[in-house]
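Taken in sequence, the protein lines are chains A and B.
The first sequence: position 288 = 288 (this note's numbering), numbered continuously.
Numbering-wise, this note's numbering comes out as the position in the second sequence, counting from 1, plus 1000.
By construction, these hints were calculated from the structure, which means they are not laboratory data.
Treat each hint with caution, since some may be false.
What the hints assert, rightly or not - Straight-line alpha carbon distances no greater than 30 angstroms define the calculated DSSO-like cross-link-like pairs of lysine-lysine that follow: (1) A:LYS342 x B:LYS1005; (2) A:LYS201 x A:LYS274; (3) A:LYS165 x A:LYS394; (4) A:LYS145 x B:LYS1060; (5) A:LYS38 x B:LYS1172; (6) B:LYS1060 x A:LYS201; (7) A:LYS303 x A:LYS356.
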Amino acid sequence: MAPLVPFIISNEFNLIIALIAGIGFGFVLEQAGFSSTKKLVGLFYGYDFTVLKVFFTAGVTAMIGVLLFGQLGILDLSQIYINPTFLQSALVGGAIMGVGFIIGGFCPGTSVCAASIGKLDGLAFVFGSGLGVLAFAEGYPVFEKIYLAEAWGPVLINEKLGMSKIVFGFLLTAIAFIAFLLTRLIEKRVNNDQSSLPKNKVIMYSSAVGFAFFVLILIAIIPDSPSRLEARINDVLHQDLSKVEVPADKLASEIVNNYYRINIIDVRSPEAFKAYHLPFAINIPIDKMSDRQWSKILDQKHKVNYFYADAHQLAKQGYLKAGFLGKAENYILIESSSDFKKLFSELVPPASDASKKEQNTYNFRLKAATDMKMLVEALKNSTEPVIAKTTKIKGGC
Amino acid sequence: MKTQKYMNPYLAGFLLGLVLLGTIYVTGRGLGASGAVKSVVLSSVVSVAPEHSANTPFIKTYNEEHPDGPLNDWLVFEVIGVIIGAFFSGVISNRVGIKLERGPNITNQTRIIAAIIGGALFGLGSQLGRGCTSGAALSGMAVMSFGGIITMLAIFGSGYAFAYFFRKLWLK
């Protein structure tokens, strides 16, 4: 699952990605005419709305794409960088940038484009923006109060507006479409343009808008990837899984003899796990199983996984989910964790008239329990769960 | 050879959206620009005036958080890409050449001074607002960041509010 950095693409190679992304960015900006200051400023005087058209189309395209990838489960939206909200600095900083835009005729990205093709005013703007950054750094104490005020964290606009992401997606796309229509009218009036759009362009534009809404509807009606996974699990839940079900005694002997070749996975809640868990068990709550950090356990071929819970149904769900998430060899413990505890930690010696078989079972469990205890004690340090370092993706300017 | 026309804005926007989407898909972050300027400027200050930098809290913090300097900064590499991409685009559309664009009623000198002042304001504002039109506004819109969209509205709102006062720079 994406984003590919840092799990699939290393942070070093990420710099090459940056270069490639930048080439695409710079090429499109220049092709769109953003290296021309007159074209950019036209936005503010109504004679050329190229900026709005390019900007809004790009934003809507990327937004719909992000929504779609998220819904399909190929992009983990919880991992991507969301610009944090600092209300005051966003408003004041934005207002200063607006003045800079109208006086300087560029924004940082476009000035770099302009400078790249030899525009001296673009170069002057880049130089100026360096001075501005320096002024901010030197004068930071003056700005600090505004800079840090009203820190809301990475809030999403749809949350603020009290709507779902997809509803906001529809809303923004509709706003963009209306803005395109209105700005065309303004452009025509300011430039004294009487022409109307040729028919093939009208068809092209309407199909593009239609396509955007079609994708949005698709996102709205297809179930998201966790619920699709759940549906698949429920479909097969009634199946007979007795072939992969393992009794507690078998698991206990695996632990004693082969602890290094197995993973014992507790799919219950962390609280239940804390209260009691099997020796060497790791806690992967059922709803966290798709987290990327667990793929190295669920998707490997070196160790066999044993799933258990308190309710047998939950253990089965964990087993089935693991089957969809990876290709490891998986088994289910028949007994619940409390039964396992009773069998091995709260052993009751059999009555004196018990059968030979009962006596043997007792002896086996007693030995297994002692061995497991010794193993846990001996391997305490090496089997403590390693806390996975989660790297937060950085972004912004 | 004649200078070629600019690309259809909606097509350019769609392509830009795909570049942004691809960047988010691969790296989990959006595009940017002003951050690269920041990286280069602050790193230069650190190497030119190390003592002064150590006494300036903002630069000190930045330097501690970015010990590898501009050569290991994502945005610096991205902006190097922007330069290459824009130059390439300029070459194939025959738009490369030393030029200065200005409004009809001002001198070249005024234009350069205005560009420097505008750049300085944009540079300062982008630090305060934690990103510019690319990093905050465009990338913020793609991921539905409230802060990014507020910054965008503030940039364009203020541009319109002040356009009247600076019309002499641009109009007849």
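To see whether the hints hold, each was checked on the structure:
no., hint, result
1, A:LYS342 x B:LYS1005, "violated (80 angstroms)"
2, A:LYS201 x A:LYS274, "violated (64 angstroms)"
3, A:LYS165 x A:LYS394, "holds (22 angstroms)"
4, A:LYS145 x B:LYS1060, "holds (18 angstroms)"
5, A:LYS38 x B:LYS1172, "holds (13 angstroms)"
6, B:LYS1060 x A:LYS201, "violated (54 angstroms)"
7, A:LYS303 x A:LYS356, "violated (35 angstroms)"
The structure shown violates the earlier hints numbered 1, 2, 6 and 7.
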